[in-house]
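Residue numbers (the numbering used here), protein chains in the order written: chain A, 12 to 392; chain B, 3 to 278.
Treat the hints with care, as some may be off.
As the list claims (entries may be wrong) - Okay, derived cross-link-like pairs now, SDA-like style, lysine to any residue, Cα gap no bigger than 20 Å in a straight line:
{"#": "1", "chain 1": "B", "residue 1": "K47", "chain 2": "A", "residue 2": "P212"}
{"#": "2", "chain 1": "B", "residue 1": "K266", "chain 2": "A", "residue 2": "Q66"}
{"#": "3", "chain 1": "B", "residue 1": "K266", "chain 2": "A", "residue 2": "R55"}
{"#": "4", "chain 1": "B", "residue 1": "K47", "chain 2": "A", "residue 2": "L208"}
{"#": "5", "chain 1": "B", "residue 1": "K47", "chain 2": "A", "residue 2": "P213"}
{"#": "6", "chain 1": "B", "residue 1": "K233", "chain 2": "B", "residue 2": "V219"}
{"#": "7", "chain 1": "B", "residue 1": "K32", "chain 2": "B", "residue 2": "G133"}
{"#": "8", "chain 1": "B", "residue 1": "K266", "chain 2": "A", "residue 2": "E59"}
{"#": "9", "chain 1": "B", "residue 1": "K246", "chain 2": "B", "residue 2": "P157"}
{"#": "10", "chain 1": "B", "residue 1": "K246", "chain 2": "B", "residue 2": "D159"}
{"#": "11", "chain 1": "B", "residue 1": "K47", "chain 2": "A", "residue 2": "E59"}
{"#": "12", "chain 1": "B", "residue 1": "K266", "chain 2": "A", "residue 2": "P213"}
{"#": "13", "chain 1": "B", "residue 1": "K246", "chain 2": "B", "residue 2": "S229"}
{"#": "14", "chain 1": "A", "residue 1": "K190", "chain 2": "A", "residue 2": "S36"}
The hints are simulated quantities; they were obtained by calculation from the structure and are not laboratory data. Source: prediction; values computed, not measured.
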Amino acid sequence: MTGLQSVFTSGNEAIAEGAIAAGASFFAGYPITPSSEIAETAARRLPETGGMYVQMEDELSGMAAIVGASVSGARAFTATSGPGFSLMQENLGMAVMGEIPCVVVNVQRSGPSTGMATKPAQGDVMQARWGTHGDHGIITLAPSSVQDCYDFTIRAFSLAGRFRTPVILLADAAVAKLKENVRFRSPAPEERAPRPLPDCPPEAYRPFAVDPEEKAITPLPPFGSDYIFRITGSMHDEAGGQGASPANADRVIRHLAGKIEKNRDVIVRVRRFFLDDADLAVISFGCSARSARAAVREARRQGIPAGLLELTTLWPFPDDDVRDVLSRVRGAVVPELNLGQAAGEVRRLNDFGIPVRGICRVDGTLIPPGDILSALREARS
Amino acid sequence: MTARNFREYLAENRLPTIWCPGCGNGIVLKAIAGAFADLGLDRRKTAAVSGIGCWGWADDYLAVNAFHGTHGRALAFATGIKLANPELTVVVLMGDGDGATIGGNHLIHAARRNVDLTAVVVNNYNYGMTGGQYSGTTPRGSITSTSPLGHVEDPFDLCALTAAAGAPFVARGSVCGGENLRALIRRGLEHRGFSFVEAASVCPTHFGRRNGLRTAVEAFSWLRDHSLSRKRAAGLSEEELHGKQVLGVFADRQSEDYGTRYRKAAEALRGEGESS
């Protein structure tokens, strides 16, 4: 698709189109409500663009197949929902340890377990962060509109390649099923650029070499190039051989966290609404941020100086932005469709002793703007 | 393609292997390197994908592209690797625990899906690296660290399983016949589509020791004496075949592989099929 095109479509379809616009050529996965339109759109659209769709036997193999395709050089993605995301955690960890770029879309639904398959939720904030075992960094983006679904998917591929990491697009059933007008923009050339090849001779290539400053990430050439190398989910040295010495293990784990943490300035994005003179802040993300926006607008109309900080990057958590907002307001409200997963992070950053109130909903329905407005009124009194 | 020396495909700087003395893995490793050499494979266009366990370390000793994945998922990683780059020759290295137990679902679907891969399962009838617990191929009655009473489950016949699931090439060799194994793996690599080669092997450290085979020599002798060709097995009853390894080729048919079928269908969709 070239140029600008405004299309009335759903979040799920916009995610698949965003992936293709970003140059994705490989989807593997397992169908699950409410994400299945992503697979269906990928199955229809990828062969039109020279790519490939494979429906695997489960989410474990779906995740594994995209990791394999990425090692062969493809921009690869999968899509799932909570229970499937749980099954993907094993090989998501493989992608973290092997430093293999890929994009995992989780259209959240009610849980735990099968929960309510068609009802929206935002209960996978912590699963996105810590679902796989062991210490590591992770990047998670949270769209709140169909346009975000398109744009953030493109950004997810870009970040995945740049930092050699899986990136999670943490959508929710409300946004993914929503239909809105979307501008299908053409990504900039650098957003579609293939992964760079190493500039060293093949015999000198070390797939897991680390820049001490964590600013440059070692390129990952595709299998089949002049570079012959070993990728592994086991603890490894720079060449990909066995590396279980205490010093090396420490170095590798710190690198997996550090390459994300030390690049927060590139990764972390937030949106600010009416925060400049706010003395009450709403901090939210995804579908709940939509309600929050309406609530803040209404609050302003009623003379309550409230503002919204929308977290479009959830991991790494936008510590600096949240701390900055908390330092300037008298109280904060955190609406989310879970029992306080993001609110806990906000409280972690509350060095200012202000009241932080969660608005938590887990009944499979959305948070109405009125609930947030009421909380703002109460916070003011 | 010209035949080469098998040593070109071994990462000799990483030898010796971590495997126990008397383990069958080294023989299979040599058979694979030999099959690569017979076909003169370009090391840059060759990938070994492995899982976890003793045999899962095999990729470390091969001087080709290697992917050492998670337990049981090697075939799923390999599916992505091959489909995203059809130029690669992909060999998948799994043990019986890895490939046929935790990875059993992937194995039957890989056989059915028919991606152009060659799976080499080394079957030593137990989990070696974890300490000799029973796997999906442990014979009934065997003693393992988790079947101290004698194993009460029946094992998979991996060749019958993969052939029934649709694998176009299925064969079983043994570490008692390294050259035959090399030829079977070569045929698997040459076969377009999913090919499955089982290498019947020994684990003197755990399985042999617990089942009355006190040394590696006894383990190898037992395997040799309990192996027979398909031809010789043909006239025997089920009872007579109990506890025996039948060696040979169990499926050898042509069936268009997944990647070829998919790409043809996609080209037809794009209107490229007829004109090109």
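We went through each hint and held it up to the structure:
no. : hint             : in the structure
1   : B:K47 to A:P212  : 17 Å, holds
2   : B:K266 to A:Q66  : 18 Å, holds
3   : B:K266 to A:R55  : 15 Å, holds
4   : B:K47 to A:L208  : 16 Å, holds
5   : B:K47 to A:P213  : 14 Å, holds
6   : B:K233 to B:V219 : 27 Å, violated
7   : B:K32 to B:G133  : 25 Å, violated
8   : B:K266 to A:E59  : 12 Å, holds
9   : B:K246 to B:P157 : 12 Å, holds
10  : B:K246 to B:D159 : 11 Å, holds
11  : B:K47 to A:E59   : 27 Å, violated
12  : B:K266 to A:P213 : 34 Å, violated
13  : B:K246 to B:S229 : 6 Å, holds
14  : A:K190 to A:S36  : 25 Å, violated
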